[in-house]
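Read off the chains here:
There are 2 protein chains.
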Amino acid sequence: MRMIEFLHKDSVGPVVSRDMLIPLGEDGFRLENGESLPELSLRYETYGTLNAKGDNVVWVCSPLTADAHVAGFYTPEDKKAGWWDALIGPGKPVDTDRFFVVCSNILGGCQGSTGPSSKDPRTGKPYGSAFPNITIGDMVSAQKLLADALNIKRLYCVIGGSMGGFQAMKWSIYYPDYVERCIVIASSPRFSSQALGFEIVGRDIIIQDPNFNGGDYYEGAIPAVGLANARKLAHITYLSAVGMEQKFKRAAVEEAHTKATAAFSTPFDMGLPLESYLRYQGTKFVSRFDANSYLHIAYATDTFDLETEYGSLETAFQNVHAEFLNVNLSTDWLFPPHESRKITNALLNAGKVITSLELDTAFGHDGFLLEVGNLGKAVARFLNSKVQAEPDNTQVVPIFQNNKDLELLESLIPEKSSILDLGCGGGLLIDTLWKSKKVTGVGVEKNFNSILDCIERDVPVIQKNYLEESELTSFANNSFDYAVFNRTFQEVKNQVQLLREILRIAKRAVITFPNFGHWTVCTALCFQGRMPKSKDLPYEWYNTPNIHLFTYSDFIHLCKEENLHIEKLVAVNDKLSSKVLTALGIKNLGAERVVAIVSR
Amino acid sequence: MRMIEFLHKDSVGPVVSRDMLIPLGEDGFRLENGESLPELSLRYETYGTLNAKGDNVVWVCSPLTADAHVAGFYTPEDKKAGWWDALIGPGKPVDTDRFFVVCSNILGGCQGSTGPSSKDPRTGKPYGSAFPNITIGDMVSAQKLLADALNIKRLYCVIGGSMGGFQAMKWSIYYPDYVERCIVIASSPRFSSQALGFEIVGRDIIIQDPNFNGGDYYEGAIPAVGLANARKLAHITYLSAVGMEQKFKRAAVEEAHTKATAAFSTPFDMGLPLESYLRYQGTKFVSRFDANSYLHIAYATDTFDLETEYGSLETAFQNVHAEFLNVNLSTDWLFPPHESRKITNALLNAGKVITSLELDTAFGHDGFLLEVGNLGKAVARFLNSKVQAEPDNTQVVPIFQNNKDLELLESLIPEKSSILDLGCGGGLLIDTLWKSKKVTGVGVEKNFNSILDCIERDVPVIQKNYLEESELTSFANNSFDYAVFNRTFQEVKNQVQLLREILRIAKRAVITFPNFGHWTVCTALCFQGRMPKSKDLPYEWYNTPNIHLFTYSDFIHLCKEENLHIEKLVAVNDKLSSKVLTALGIKNLGAERVVAIVSR
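Line order of the protein sequences matches chains P and U.
Counted the way our numbering counts, the first sequence spans residues 7 to 606.
Counted the way our numbering counts, the second sequence spans residues 7 to 606.
If you're looking for bench data, these hints aren't it; they were derived computationally from the structure.
Every value quoted in this text rests on a predicted model; they were computed, and no experiment measured them.
Check each hint, because a few of them may be wrong.
Repeated chains share a single entry, so a pair holds when one copy, or any two copies, can fit it.
What the hints assert, rightly or not - Think about it this way: if two alpha-carbon atoms lie no more than 25 Å apart in a straight line, the pair counts; the simulated PhoX-like pairs of lysine-lysine are:
no., residue 1, residue 2
1, 574, 444
2, 566, 539
3, 499, 452
4, 253, 348
5, 383, 348
6, 470, 499
7, 541, 499
8, 499, 539
9, 513, 348
10, 383, 470
11, 86, 253
12, 85, 290
13, 452, 348
14, 585, 566
15, 513, 452
Full structure from sequences and hints, please.
See below:
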């Protein structure tokens, strides 16, 4: 929510801000609370060129206090780039050589768009306390009028972090046919109670400033003290505890020690670097922001609550057509990962195309402005990927010619079924099955780079530790035909619980596993006295991820205990066929690996 | 830091507050910053009876804003018990039938003790801005004068939560021979930068209240608005995010929805239950607390920093004699567990007797006042345990007659050595070795109830997941003769890293493990095709904690790879002796379990 200073040579270069006075009817701009604004003007910036079709647009939704200046410089001498310049520019993740990028100052703001400090045409004075309540929806409706005025026919993508994510979601909900992709970063379906608590305190601090005067202070002194203190408080919530410790620890220790008993440190002013830093943040903010705008935009943020508004999050998203990328930040405690994941879960359970990322950062909530390396990679791949197309039958379909398991999987999973691939890697299985059999799939994967490959392959993927059954509770009952656990079931800690969980999510589970009953295992233990190693069990005993090994027979017994129906059980040996093993009656000793399909 | 309302029938009953005007010399009460107070008066309460020796005292140190009324009621009709009444009283964890309990209002406070609102005898007016800077050390020195005046000869225990923990630590450091036990709850060696940030904002809010007048407001209006807002902010930091969500979520949803567009909800007053709750907390606080006291006590808290003051935490604690109990709270983010653990680590590395607990709670920092069930159990055991005495030779020494491993361990570990028992359970091994061979030990254990048993046995124990090498980094190099891993090495995820880690901490590692090369394992796999089960491997393959099994020979190979010296390697079979196995040359096939001693 703060503006960060960047200086980039590879910038989109000198840019200009423009104002659009939106043409309105007699009623003015109708707000969601029933009131209306007589006039609506939005300040905005654009970079790149709108194509003839008017459909190469990336629309940027700004966070609470940012302006329209999202990239580039106003003059070549200007040292301060736009607030997301690291993400937007020629050759950058949001590539201005390809995309037409638009960002506007939000409705209610004080940086060029209509807000409480704007002149009310009916009175000739600033609105002040007369400015009506606005919502995130109002902000988005206003932006849509701007897009229409700019002759934009579709949004290739809408992107927003923090409160910008609130707007991005509303864009996809209000204009489902207009928005093709939606990137939501460090956001959630509503504020947590803790975050709301801080908002409430900040609000009280401002409105109780003696200069506030119920919002009508434009002719006198402004409520600078209250606004600065509210900003200091909010600023702490944008940082992580670990980030603050790294930044201030040493200085704090030295200063506290030397100053604690010194005359110039008092209970009213400790003389700490952290104190000066926070006071600087407060003062800087007062110089660029209006208290009424802050309160009105904060109010729109605080009352945003998709679940309450639509009855459920799934209902909120039920009509969206956009593909989503949802990113949360590990140390963000203003929009914590578990709140952000609710967006992902709702979209999944509403049957939408969603990829979600868990981004590791020490920057806290500010990470959406600062953690641009990995965030940029994901955004770039997401923007370059094609919308999932009908399979092209003239295309050569790749098969897994050197891998019996995957050949088997392909043969076993029927056309047009849906699969959840737990541990999907780069998404090869889903991609292959889509192309050969129109199988639709969602991948679950832990590894960031594998997820980037999935995004490139257009395979929707959720970043999760799929080995923990507790991570899978967000998937709805019976939401897939098949759940695939390829070669990783022996890595699971609670196998019974996980098996139950995936059979809750999918009608059938496809499990492939190395057989610990193979004769090479027996001989290694009996004759060499050592834990076995083989091509299927390639690790040392002390570093293997295979923590719960088991045999062909063990698996059959488990299925009996759990009352599961074994639909298929194939003993795989790379030299002998399954039929030969069966004929010889040595499936347990002979199977190197096993492929099983089970159902309840 | 808040006062909580309890109503207990089993209370210590009607109690009275008393004031002690401390007799001072000409210099008055000298403060650590060099200034002095002309007069020192402390308000205090006592419960129970001081014994003839004056050594049955439990001294309670209060958190930031609490008063001396820690237990009981002022009148039988009084509905509000003291703030830690759940912990203190007849038959309660701090048993007033046995202990003489004392709590005083702290120096700088406004609830009866000398503070900024007290009358300065030199001027006849309240100190106000003239009140000198105080420290946690000053608070403790003042309390010691009270203890002397009460004829107290020793403190059986000093106990404090939050800022009370700061005082408790200072007590043990300043008066090492006077303090026998020290309980520190939800505290840390200093505030984190994040916590300090909130303190700074709160302070600015108060001192910028127009009524504050540099601290001299006693003759006019008080800075009620600033103090209330600072309290609202601080109040949020005492709660956990999850606790706030549980408390306010449903109400917030309903109200926000119905009121967001309603006339009585505005950006200045949303009309939410959370808003009323926080405002109530602010107003209630203003009615009982003085702004100057708040600032002065907060200042003492903010500048408390044992590491800076003493050069290192180990140095801070080097002379203490007290046994410590240190408790952290899982959802406390004001004094987060990782900060609290620094106290434990420093005491351990300074060679002190310390037991530490990780208490699970949803109450956040307030858990030290509310999570009295498990906290009380630990406190009760800690207070009832005897100080570790010289072994009594007339006592029957228990041995492990039915357990070859433990008999072996007892025979293998020499007299007067020191051990770290990783996975110590109820502390039986350490207790036994102490009694039979004067072996000193520290246990590490995950299970809360086992830890209670350790406390009862006087076995110092640290609550940690000892299976993770990353949890052991806080132990200093070579701090023990032996690290014992009894029957749990096969449960470790990163065995090589863990082995290296324990051989960094101890000169030798004693490891006992089930032998996966035993002939019953081979036959189960080869002839039954099943994962083995036996008395040493009693689990099913899918629920066993034994995630990295290995054989007698595997272990030898690992030691070779790691260049470790195998000092002992005993193949244990409950029917055949180790000698017989060796003579038959079947140690790998014959050993049910193995006991090894290895060193670098």
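Outcome of the hint check:
1. 574 / 444: Intra 22 Å, inter 62 Å, cutoff 25 Å: intra-copy only.
2. 566 / 539: Cα proximity of residue 566 and residue 539: across copies only (18 Å, versus 29 Å in one copy).
3. 499 / 452: For residue 499 and residue 452, the Cα distance is within 25 Å both inside one copy (16 Å) and across copies (18 Å).
4. 253 / 348: Classified as between: cross-chain Cα gap 19 Å, same-chain 32 Å, threshold 25 Å.
5. 383 / 348: Within one copy only: 23 Å inside a chain, 38 Å across chains, cut-off 25 Å.
6. 470 / 499: Answer is both: 15 Å inside a copy and 20 Å across each meet the 25 Å cutoff.
7. 541 / 499: Both: 23 Å inside a copy, 22 Å across copies.
8. 499 / 539: Answer is both: 21 Å inside a copy and 18 Å across each meet the 25 Å cutoff.
9. 513 / 348: Within one copy only: 24 Å inside a chain, 50 Å across chains, cut-off 25 Å.
10. 383 / 470: within (19 Å within a copy, 38 Å between copies)
11. 86 / 253: within (23 Å within a copy, 44 Å between copies)
12. 85 / 290: within (17 Å within a copy, 50 Å between copies)
13. 452 / 348: within (18 Å within a copy, 32 Å between copies)
14. 585 / 566: within (23 Å within a copy, 44 Å between copies)
15. 513 / 452: The answer is within: 24 Å in one copy meets 25 Å, while 38 Å across copies does not.
Every hint from the earlier list agrees with this structure, and none is contradicted.
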